[in-house]
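Keeping the supplied structure of chain A fixed, place chain B upon it in accordance with the hints.
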Amino acid sequence: DQQVKQNSPSLSVQEGRISILNCDYTNSMFDYFLWYKKYPAEGPTFLISISSIKDKNEDGRFTVFLNKSAKHLSLHIVPSQPGDSAVYFCAASVGNYGGSQGNLIFGKGTKLSVKP
Amino acid sequence: NAGVTQTPKFRILKIGQSMTLQCTQDMNHNYMYWYRQDPGMGLKLIYYSVGAGITDKGEVPNGYNVSRSTTEDFPLRLELAAPSQTSVYFCASSYQQRDTQYFGPGTRLTVL
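Heads up: the protein sequence lines correspond to chains A and B, in order.
Under the numbering used here, the residues of the first sequence are numbered 1 to 116, in order.
Under the numbering used here, the residues of the second sequence are numbered 1001 to 1112, in order.
Just so you know, the hints here were simulated from the structure itself, not pulled from any lab data.
Restricting the straight-line Cα-Cα distance to at most 25 Å, the calculated cross-link-like pairs of lysine-lysine (DSS-like) are:
no., chain 1, residue 1, chain 2, residue 2
1, B, Lys1044, A, Lys71
2, B, Lys1044, A, Lys108
3, A, Lys108, B, Lys1057
4, A, Lys5, B, Lys1057
Computed footprint of chain A on chain B; a stretch qualifies when at least three of its residues, placed anywhere within it, have a C-beta under 8 Å from a C-beta of chain A:
no., stretch
5, 1089 to 1097
6, 1103 to 1112
For every residue, glycine included, the Cβ atom is placed at its ideal position computed from N, Cα and C.
Just chain A, same shape as in the assembly (with noise of 0.2 Å):
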């Protein structure tokens, strides 16, 4: 039972375009969210994350949007440029009460490709 679900396998826009990525969660209890990056053949890399009393956290090109009602999240890249091509994993967990509730649960990803 996936607690954290990306549902597009892939995305594919233009450069200088808006790159929208999405991730839903079944589990009320996680408090906690991350955006990773990753290019083949790499480990992932830590893109952006937000805490579930906030509803949006910005950073340069990558803003993530929260909303907790629909359990749901977004990545938006804006301007999308070339080199943001990767799969784009979201990650969540529970609480700050240590212990394997803390630790992150990922879904799937979503393999962005940005277009010349």
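Then chain B, alone, in the frame of chain A:
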């Protein structure tokens, strides 16, 4: 500062063989993690460690063992390799559990 390093990068094993995947971090992080990523899937946590001498199971621990004798090293042991263990394995570390995790480049393992 090398971050998280993993060896080997690639390995082919025969069914029933054993091997150890090495992971070292030089950031003095307390937490270390082993994940596996199967094709088209997200990362699944195998084992994690909160500090030297302390390890715990993740979501998919069967068929694996770990140890953490030092802060820097967190090896993953496969005792009897099976085709189901064909995957890409990532090691990661973080200072605290909710801090950013830094990942190694991965080990691609094939069991035939």
